[in-house]
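Trainee: Put chains B, C, D, E and F with the ligands on the given structure of chain A with help from the hints.
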Amino acid sequence: MNSLIVTLVGMFVVFCALLLIILCIVIYSRLIRIKAQKPNNHEYSSVKQNNNVQKPASENNALPADSISPELLAVITAAVSACMQSTNTGYTVRSIKRIGHTTPIWNVAGRNEYILSKL
Amino acid sequence: MNSLIVTLVGMFVVFCALLLIILCIVIYSRLIRIKAQKPNNHEYSSVKQNNNVQKPASENNALPADSISPELLAVITAAVSACMQSTNTGYTVRSIKRIGHTTPIWNVAGRNEYILSKL
Amino acid sequence: MNSLIVTLVGMFVVFCALLLIILCIVIYSRLIRIKAQKPNNHEYSSVKQNNNVQKPASENNALPADSISPELLAVITAAVSACMQSTNTGYTVRSIKRIGHTTPIWNVAGRNEYILSKL
Amino acid sequence: MWYDFTNAIKALAAESGFANITLLHLIMIVLALFFLYLAIAKKYEPLLLVPIAFGMLLANLPLGGLMHPELWDAQPLDYGAILHNGGLLDLLYLGVKLGIYPPLIFLGIGAMTDFGPLIANPKSLLLGAAAQFGIFGTYIGAMAFGAFTPQQAGSIAIIGGADGPTAIWLTSKLAPELLGPIALAAYSYMALVPVIQPPIMKALTTKKEREVIMKQLRPVSKLEKILFPIVVCVLVILIIPSSAPLVGMLMLGNLFRESGVVERLNDTAQNALINIVTIFLGLTVGSTASADKLSQPGFGIQALLIIGLGLVAFCIGTASGVLFGKLMYIFSGGKINPLIGSAGVSAVPMAARVSQKVGQEANPQNFLLMHAMGPNVAGVIGSAVAAGVLLSMLG
Amino acid sequence: MWYDFTNAIKALAAESGFANITLLHLIMIVLALFFLYLAIAKKYEPLLLVPIAFGMLLANLPLGGLMHPELWDAQPLDYGAILHNGGLLDLLYLGVKLGIYPPLIFLGIGAMTDFGPLIANPKSLLLGAAAQFGIFGTYIGAMAFGAFTPQQAGSIAIIGGADGPTAIWLTSKLAPELLGPIALAAYSYMALVPVIQPPIMKALTTKKEREVIMKQLRPVSKLEKILFPIVVCVLVILIIPSSAPLVGMLMLGNLFRESGVVERLNDTAQNALINIVTIFLGLTVGSTASADKLSQPGFGIQALLIIGLGLVAFCIGTASGVLFGKLMYIFSGGKINPLIGSAGVSAVPMAARVSQKVGQEANPQNFLLMHAMGPNVAGVIGSAVAAGVLLSMLG
Amino acid sequence: MWYDFTNAIKALAAESGFANITLLHLIMIVLALFFLYLAIAKKYEPLLLVPIAFGMLLANLPLGGLMHPELWDAQPLDYGAILHNGGLLDLLYLGVKLGIYPPLIFLGIGAMTDFGPLIANPKSLLLGAAAQFGIFGTYIGAMAFGAFTPQQAGSIAIIGGADGPTAIWLTSKLAPELLGPIALAAYSYMALVPVIQPPIMKALTTKKEREVIMKQLRPVSKLEKILFPIVVCVLVILIIPSSAPLVGMLMLGNLFRESGVVERLNDTAQNALINIVTIFLGLTVGSTASADKLSQPGFGIQALLIIGLGLVAFCIGTASGVLFGKLMYIFSGGKINPLIGSAGVSAVPMAARVSQKVGQEANPQNFLLMHAMGPNVAGVIGSAVAAGVLLSMLG
Ligand code: NA
Ligand code: NA
Ligand code: NA
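In order, the protein sequences belong to chains A, B, C, D, E and F.
Note that the first sequence covers residues 1 to 119 in the working numbering.
Note that the second sequence covers residues 1001 to 1119 in the working numbering.
Note that the third sequence covers residues 2001 to 2119 in the working numbering.
Note that the fourth sequence covers residues 3001 to 3395 in the working numbering.
Note that the fifth sequence covers residues 4001 to 4395 in the working numbering.
Note that the sixth sequence covers residues 5001 to 5395 in the working numbering.
Excised from the complex, chain A in its bound form (with noise of 0.2 Å):
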């Protein structure tokens, strides 16, 4: 095939392919988004908003009841700090977010029952 022709019908198909995806991706996106704004809808909205509204922790000034220790958050910044190779002067650990568990399932039930086991 004559090189040309490869590269033509080449970059064609990659554009095409390409693009394909900018359209899914703004269809979904825009769908998304305006079932998200919908009141009545609740799965995903949350999900949304806690991307959009993430208020700083430090705001909150009452502890949850599932919230963060102070020293925990101490140990955290102090990780954090090293992590990022430099003092903690450039910036402050602003949010602290759980994430969920990820420790093998069975082990978090075996440390559970070990701890119950000792009550």
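Since the hints were made in silico from the structure, they are not lab data.
Mixed in with the good hints there might be a few duds.
[Stated by the list, open to error] Taking lysine to aspartate or glutamate pairs in the EDC-like style, the calculated list, with each CA pair at most 20 Å apart, reads:
1. E:K4225 to E:E4177
2. E:K4043 to F:D5267
3. E:K4225 to E:D4114
4. E:K4042 to F:E5263
5. D:K3225 to D:E3177
6. D:K3097 to F:E5361
7. F:K5326 to F:E5211
8. F:K5225 to F:E5263
9. E:K4043 to F:E5211
10. E:K4097 to D:D3078
11. D:K3207 to D:E3361
12. F:K5097 to E:D4114
13. D:K3043 to E:E4211
14. D:K3042 to E:D4114
15. D:K3222 to D:E3263
16. E:K4222 to E:D4114
17. F:K5043 to D:D3267
18. D:K3335 to D:D3292
19. D:K3043 to E:E4209
20. F:K5042 to D:E3263
21. F:K5222 to F:E5209
22. E:K4123 to E:E4263
23. F:K5097 to F:D5073
24. E:K4326 to E:E4177
25. F:K5335 to F:E5361
26. E:K4326 to E:D4292
27. F:K5043 to D:E3361
28. D:K3215 to D:E3361
Mentor: Coordinates of chains B, C, D, E and F with the ligands only, in the frame set by chain A:
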């Protein structure tokens, strides 16, 4: 083979196998516990004693030579409470035990050497 | 082959091989140290200086811009003393050095981006 | 030149997935997306269902060439052809076909499992045995339909063991053509344990029985825990040698855990190794569920029957566990709460939590979790034995 | 006995490397040491270049028997002979030859990649497409020399994709005889992105264009991030089925990351698994660059041409990205900074950082990193698609 | 129906292990349990001995079908048959037979080893060479019995290298039929180093010699540490090409460690990868010690001889290391403590600790650990070279 036969044989074998396991567990558990009560047996009784009599660490006011420093305790407590996904209102760390070294032996050796080389 | 011959040849080859290694190490080590003493060579001499002159961290009273905060030091000390299976009576942390980033570069990039997106 | 260009585009278009997709492909893709939804949004056993559903998706995008089902239909298998013509998933599927992945997953599970509650209360093992009636009872049902060979019926019945790797291992030996639907059914129902079990448990027990508070378990010494995997491994393999790959690896993993001298191996067995194998196993098992299968006469009906029979198996298993629990309640003079019987189906630790939850509903002072963990881990051993028996009799 | 001793020593000496080393071996060893120097002292993509250069070193120490190139020249491959006579690196090379390693590396890359900036600004994908002109433009150039088959030309051109695993994957399928030099060139130039790109970027843009400050990207919801890998996987594989191994695994890795329900698998995919595969891939790819190759007539010239054409490919890719960025600058009414176009060549995240740096030179207030990450990750998808197209047309 | 039931039970019973177990099986099972006891209760090299002993246990439970020794006796090996009929451990054993596992373990060991003390005091290498006389001296002894082929004698002698993976690698090439007992002896004696060495060390040295305090080692620069693996790799492989798999991987691992630019690979090489390989290697090496072996005429005697000769090899190695240390003590004018010579047998870091301990007994101010680490890691290189020489001369 008749499917009913398969079922009967299957359940029969499963029950036999697990009954045999029960028998063995009961026997060896009893042997171990009898042995552990004799005072002249030291090797394993200490293990068992350790499991049964386990005093809360907080009772030890005088820290023995190889014990855990309060700072370390604070870090561990924070880490545990993070793992348990709740503040430390629910429970406190009542017993901390060192477990055996889990690091590869050569790493430990290397680490020690490094420290020695700095003395 | 006569088993005595195997033994003689074997020991001869092992000694030859390791002697050759000794020779090479001695030569290149000498070259490196000569090079390192010439003032016009910077690239590796700095590495070596770093290894030779290494002052205890505790002597640095004024923390430089990229240094380690005392809180972090406390956490590291606790962790080290836990690893060494003894209280920190035996030795103190005399020198802490940041080592190069070990995290995958994309993760670091992602982390930085995340922080930037929150500024 | 314009002519050449359009020709080249046409050739590519003719080879594209859009030109070759069929209705069956679309159905399978939608099914794969549905399972992805269950795994991600509903958190149905996501560790296995995400890779399985994604493998199913990849296998049903036409001409991707990742999986070639025709290579695996040859009798005997032509490993040379697989190496020469196989796609990525064909090659990874070798680990399923050669029976390597499920035992390695059992190694990791063994390293994660604490058999302490079982050792403290060995009678739990009887509940783990009773619940396996879900397997053998369903075998009768599956054979009654006349739509399955005994090998296929055995593979379907093992869904009732509520143990994914066991189901995959046995099916890959007895009826590999059903691997996709059986794995999907097994993991889906395992995720549905909190929905399926409580009504059965409540229907079969009285409130008085559910309120029984069991006395605390005795502490188990380290030596007992170390001996357990060795004793079980020797006994079970002597009784049912064909269960050796599963039981042997499960107990090796547990010995890594309890011996306390190989922490490095214990850590790798329950992390890097099991995770790598889980990715490969899930992807390739999912990719066996391709549209070509659905186009085979009768396969659709078989798949529907598998879904139905899998549910039946779970229900029978739960019921027989609870009923045996009632028996033990009677014989123990009311000291054993029959609710812990349902945990005998495996599905660790979900089934034990269901026992705990139903027990606490009846009596808020009730704390059955630890007592239910005994039958729960016994169920893992029980279904591995059952799989060995089925392989011996039908294989 | 002295006679026997000297004879035995002589026999060993005759089999030693010193007695069998040739000038070509020495040249290759020096080259390997040079690449080790680049990798360690200059930090040129060390994760791949250290194993590649060490593999090259090992393959050129005579009679080591780690790699037997003659085993891999057979048509068709004789897997039995490889198992019987292969050395360590021959056996590990099976993972390259069978196309297993690059997709697994893509699995890890997917798990490490945040497509958020791309979803927030989907137009970036156009820049990721435009930069692939580096690949196809170079294909014309490589063919023009007359020294390469179309398959070899395609493999050389893919260097312009600035994506190591894609280059290795395509080359192992189209022109495995060039795997060594192409991999070395690809990773070397990827490391040189901060040197190669800025002059081209500055030459093609005005200061006014470089000063453009782009408005902040919108936040992207979790659901959008979860849907992205699924949508891209389905679309791209439907369009170019031959890209399935790369795109499928890339998107599975990203789904592990974004779904949030399989953190274990995500962790293993981006750590243990990708690292193990990287070691094996690097070592074996490096070991294909052995002295036997260099002794084949014309191979030396081919290798030099690959070095030259690889550079050309990078330059064309950068230029076409920037020029397409200028087009978008005009059409958007000056809202898009054309500097982000150069990031479309992939080389994540280096190319995006170059955009950031050049942008900040022109305007210290300018912060392009996040905007450049969009085209940057789009470039990964773009070059995977381009590799699929080349495989379809030339394979 | 009762008739069918009893018949089925009888058939299963006839296929059970209880019906097929022999006295030899029982002996081997008891031996396996004994090694498990040593590994767990006595902490004898548990990382390898736990998997080895468990593999031995699994291989001796009759009809488990995990390992089929008859598949591995074929000359040449029939890989097709292994894939079609092999059990789990047969398939994992491929990694031993193909020589993949030991080099990967050496990769991890290289990543864990600090050659600094050796670079600071290169003369240590002579001690690492002298201690290899344990290998070659034992070779004469093994041949003298007339019970072994030269290949078997070489495999037994390598036990004196006090290096498990090297012993397994060489034995799998020269005399795979002895793999089980040799691996068990090697790891058992490695664990017994603190018992075997001190009496020999004290017998061969005067108190004055043991009291020698050596001067502190000079600091070693990063560049010297980076160059070391490259130089050793090139030199050793040029001298003894057959040592390439072991020495090449050992030095690659060390380069990962010292280069400082591939921390990810370094971490995986010394954790996930070496642990996975250790599990597979141990299990399968152990499973070669099956009852079928013991029933072969003469195997029992061979096994007993291996135990005896292995001990002899360790003693000779220790003694020759100490004696060479005495030589260096004299030539250095009393600056070198001969106790560090015994560390030349490898068994890192145990042998170095024994030197330290015996030295401190003689003089509480004495601190030999760092000085003994030099000969200790030199012993690893020395025994890899010795294995290469044996393979070249006997293979
Ligand atoms: Na079960
Ligand atoms: Na690209
Ligand atoms: Na040695």
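Trainee: It remains to establish, for every hint, whether it holds in the given structure.
Mentor: Hints versus structure:
{"no.": "1", "hint": "E:K4225 to E:E4177", "in the structure": "violated (40 Å)"}
{"no.": "2", "hint": "E:K4043 to F:D5267", "in the structure": "holds (18 Å)"}
{"no.": "3", "hint": "E:K4225 to E:D4114", "in the structure": "holds (9 Å)"}
{"no.": "4", "hint": "E:K4042 to F:E5263", "in the structure": "holds (16 Å)"}
{"no.": "5", "hint": "D:K3225 to D:E3177", "in the structure": "violated (40 Å)"}
{"no.": "6", "hint": "D:K3097 to F:E5361", "in the structure": "violated (59 Å)"}
{"no.": "7", "hint": "F:K5326 to F:E5211", "in the structure": "holds (13 Å)"}
{"no.": "8", "hint": "F:K5225 to F:E5263", "in the structure": "holds (16 Å)"}
{"no.": "9", "hint": "E:K4043 to F:E5211", "in the structure": "violated (47 Å)"}
{"no.": "10", "hint": "E:K4097 to D:D3078", "in the structure": "holds (19 Å)"}
{"no.": "11", "hint": "D:K3207 to D:E3361", "in the structure": "holds (10 Å)"}
{"no.": "12", "hint": "F:K5097 to E:D4114", "in the structure": "violated (42 Å)"}
{"no.": "13", "hint": "D:K3043 to E:E4211", "in the structure": "violated (47 Å)"}
{"no.": "14", "hint": "D:K3042 to E:D4114", "in the structure": "violated (23 Å)"}
{"no.": "15", "hint": "D:K3222 to D:E3263", "in the structure": "holds (15 Å)"}
{"no.": "16", "hint": "E:K4222 to E:D4114", "in the structure": "holds (12 Å)"}
{"no.": "17", "hint": "F:K5043 to D:D3267", "in the structure": "holds (18 Å)"}
{"no.": "18", "hint": "D:K3335 to D:D3292", "in the structure": "violated (55 Å)"}
{"no.": "19", "hint": "D:K3043 to E:E4209", "in the structure": "violated (48 Å)"}
{"no.": "20", "hint": "F:K5042 to D:E3263", "in the structure": "holds (16 Å)"}
{"no.": "21", "hint": "F:K5222 to F:E5209", "in the structure": "violated (33 Å)"}
{"no.": "22", "hint": "E:K4123 to E:E4263", "in the structure": "violated (30 Å)"}
{"no.": "23", "hint": "F:K5097 to F:D5073", "in the structure": "holds (12 Å)"}
{"no.": "24", "hint": "E:K4326 to E:E4177", "in the structure": "violated (39 Å)"}
{"no.": "25", "hint": "F:K5335 to F:E5361", "in the structure": "holds (18 Å)"}
{"no.": "26", "hint": "E:K4326 to E:D4292", "in the structure": "violated (47 Å)"}
{"no.": "27", "hint": "F:K5043 to D:E3361", "in the structure": "violated (48 Å)"}
{"no.": "28", "hint": "D:K3215 to D:E3361", "in the structure": "holds (18 Å)"}
The structure fails to meet hints 1, 5, 6, 9, 12, 13, 14, 18, 19, 21, 22, 24, 26 and 27 from the earlier list, while all remaining hints are met.
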